[in-house]
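Colleague: The hints should help you fit chain B onto chain A, whose structure is shown.
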Amino acid sequence: MNNTNIDQTLSELNRVLKYLVDAAQQPISQQRTQFLEFQADSGKENFGKGVIWSGNGITKQFVLNRDPDRFFSSENIDLDKNHHFSIANNLVLSSKELGSSVVKSNLQTVGRLKELDVDGSVSINQYLFYNAITDRLGLGIEEPNSAFSVAEDGVEVMLGTRNHSRGIVGTYASNHFDIVAGNTTWISVSPSGNITLGNTDHSPIQLSVNGNLAIKVAVPDPNVDLHVNGPIRFHGHLHFYAKEIPASGSYNSGDIVWNTAPTVGNPVGWVCTSSGNPGRWNPFGQITI
Amino acid sequence: MTDNLDQTIDTITQGLKDLVVNNDSSEHSTNAPYIIFQDDPNNISNKGIVWRGKGWGKQLVYNKITDRIFCSESIELGVNKQFLIDGVSVLSNTELGNTVVKSSLTELGILKGLVVDGSISVDQHLHYNAANNRLGLGTQEPNAAFSVFENDVEVILGTQNNTKGIIGTYSNNDLDIVTGNVSRITLEAGGDIRLGSKGAGPVKVTINGKLSVGASSHDDRASLHVAGAIRFNDKLHQYASGVPQNGQYDQGDIIWNSLPRPGSNVGWICVIAGNPGLWSPFGDIKNPIT
Numbered sequence: 001m002n003n004t005n006i007d008q009t010l011s012e013l014n015r016v017l018k019y020l021v022d023a024a025q026q027p028i029s030q031q032r033t034q035f036l037e038f039q040a041d042s043g044k045e046n047f048g049k050g051v052i053w054s055g056n057g058i059t060k061q062f063v064l065n066r067d068p069d070r071f072f073s074s075e076n077i078d079l080d081k082n083h084h085f086s087i088a089n090n091l092v093l094s095s096k097e098l099g100s101s102v103v104k105s106n107l108q109t110v111g112r113l114k115e116l117d118v119d120g121s122v123s124i125n126q127y128l129f130y131n132a133i134t135d136r137l138g139l140g141i142e143e144p145n146s147a148f149s150v151a152e153d154g155v156e157v158m159l160g161t162r163n164h165s166r167g168i169v170g171t172y173a174s175n176h177f178d179i180v181a182g183n184t185t186w187i188s189v190s191p192s193g194n195i196t197l198g199n200t201d202h203s204p205i206q207l208s209v210n211g212n213l214a215i216k217v218a219v220p221d222p223n224v225d226l227h228v229n230g231p232i233r234f235h236g237h238l239h240f241y242a243k244e245i246p247a248s249g250s251y252n253s254g255d256i257v258w259n260t261a262p263t264v265g266n267p268v269g270w271v272c273t274s275s276g277n278p279g280r281w282n283p284f285g286q287i288t289i
Numbered sequence: 001m002t003d004n005l006d007q008t009i010d011t012i013t014q015g016l017k018d019l020v021v022n023n024d025s026s027e028h029s030t031n032a033p034y035i036i037f038q039d040d041p042n043n044i045s046n047k048g049i050v051w052r053g054k055g056w057g058k059q060l061v062y063n064k065i066t067d068r069i070f071c072s073e074s075i076e077l078g079v080n081k082q083f084l085i086d087g088v089s090v091l092s093n094t095e096l097g098n099t100v101v102k103s104s105l106t107e108l109g110i111l112k113g114l115v116v117d118g119s120i121s122v123d124q125h126l127h128y129n130a131a132n133n134r135l136g137l138g139t140q141e142p143n144a145a146f147s148v149f150e151n152d153v154e155v156i157l158g159t160q161n162n163t164k165g166i167i168g169t170y171s172n173n174d175l176d177i178v179t180g181n182v183s184r185i186t187l188e189a190g191g192d193i194r195l196g197s198k199g200a201g202p203v204k205v206t207i208n209g210k211l212s213v214g215a216s217s218h219d220d221r222a223s224l225h226v227a228g229a230i231r232f233n234d235k236l237h238q239y240a241s242g243v244p245q246n247g248q249y250d251q252g253d254i255i256w257n258s259l260p261r262p263g264s265n266v267g268w269i270c271v272i273a274g275n276p277g278l279w280s281p282f283g284d285i286k287n288p289i290t
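Chains as they are written, first to last, in this note's numbering: chain A, 1 to 289; chain B, 1 to 290.
Chain A with its partners taken away, still in its complex shape (with noise of 0.2 angstroms):
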């Protein structure tokens, strides 16, 4: 060993030992002007290091683990009061609010919200759904027949359109449709089509009609309140046009037979006077001059 290795050693020692010194000067911390590094072999990776605190109790670490690469903190992690959390500087989570860019969840519940948009569909509890892609809301019903549709008993009652000009509201399938007024039938269609006006189990309804009434009259005539295009009856009797009396069918005393055909000298019509099939007929209302 030569004078310059002898110095040169003796140089590094006290390069050395003036860290050591500096080092043991520092009472309350370690003092850094530099990173803390930890260096692994040259070609090696360097998992499972970190910054360990030991103590009484379960070892608290923060260290580097593999697969995928990501930090592994044993203890919670608090951020101070009005910073946030962020990845490449865009706030994803601060005390009050997920970022912006946060969509994706798996939440089963939610606060109260102040509002709710949604651009797609919608089901709630299996039995209220809105189909994005027909536009059809169904209560108890997936695929209503029509924009609006409630299933219940088995029973489809629909609200919406049938074209551009006409609104419509009733049952899908052959059910009878109940119109109702304090939850009592008023109006009742069957699924044939029938019609009853009224309810047999309340008192009888009073039925209005403002305006004219025709019955299977292809052109009704403005100029008579009721136009009915076949026979009547009325207090248990029929009335009806023939150009004669019947020549056979049932017949009950005081039906009556208009005459289609009347003339000077001719009865107006025949009253039934016996019972029967078709019964005794006597003219009535001789046409004068």
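Any given hint could be a false lead.
Stated by the list, open to error - Simulated DEER-style distance windows between Cβ atoms: (1) B:Val88 with A:Asp119: 29 to 35 angstroms; (2) B:Ala240 with A:Ser275: 33 to 39 angstroms; (3) A:Thr273 with B:Lys286: 31 to 37 angstroms.
It should be emphasised that the hints constitute simulated quantities derived from the structure, not laboratory data. It should be emphasised that the depicted structure is a prediction, and the values quoted were computed from it without experimental measurement. For glycine and all other residues, C-beta sits at the position ideal for the given N, C-alpha and C.
Modeller: Quick look at chain B alone, frame taken from chain A:
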């Protein structure tokens, strides 16, 4: 001696180096409560912990410019641990903290319940307006508590006032009441009502009650009270004090005498069609029975 000196110095040097290396290592036990990164008080940026080895260095360093601690890796917490801000949990393995009240989430899981204080919009088609408590399907401004707007027709379901519920069309459109998806009753836009459908067979209409047509007050003695003329079997029946002076009439049409008295007749019957046609009296009225 020189060799011994060299050996001694080498040993001491290596020992001291080991001390230095160990001092830098995380495995070094220290009672120092903090690791303080400090150089110039005005320049504490880009200091922190670095893991250097194969591949990119992993780092947890402070950046003064952005005033944040940058972490190059994901952070994984231990079981049952949480992220907190100011001592309050904001995210655990199973839930977002209660203080987190705002989001832009576009996907949620299967919700256990849903309570909304304000308005709701679904697919820009179903709208619940919290201001007027109305629900519109296909319309943002329904004209009833619930409206369906489709094919340019608005069908409304709601109430008219404190005593009346309503169902029908809002604008100038017909409403069909259907069974079996076939129209049975049609309320035309102008108010005309059709019972039974033109395309279907005749229906039976039963009235459990009394029917009045054009009568301002119904005569309770009559099941059918018609204020004006009637026509049945296509023959006209009307009341007048005499035969008509004009108008088209058909054979068999009858005019009932509105002023009958003994010696006159109960009515007139059209025996030849025309305008007004030929009319003959019928039904001589005799003297009253005493």
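Colleague: Can you tell me whether the CB distance of Thr273 of chain A to Lys286 of chain B sits inside 31 to 37 angstroms?
Modeller: Cβ of Thr273 of chain A to Cβ of Lys286 of chain B: about 19 angstroms, so the range 31 to 37 angstroms is violated.
Colleague: Using the Cβ atoms, figure out if Val88 of chain B sits within 29 to 35 angstroms of Asp119 of chain A.
Modeller: With Cβ atoms ~32 angstroms apart, the hint holds.
Colleague: Given the range 33 to 39 angstroms, decide if the beta-carbon distance of Ala240 of chain B to Ser275 of chain A lies inside it.
Modeller: With a Cβ separation near 34 angstroms, Ala240 of chain B and Ser275 of chain A satisfy 33 to 39 angstroms, so the hint holds.
Comparing the model with each numbered hint stated earlier shows that hint 3 is the single one that does not hold.
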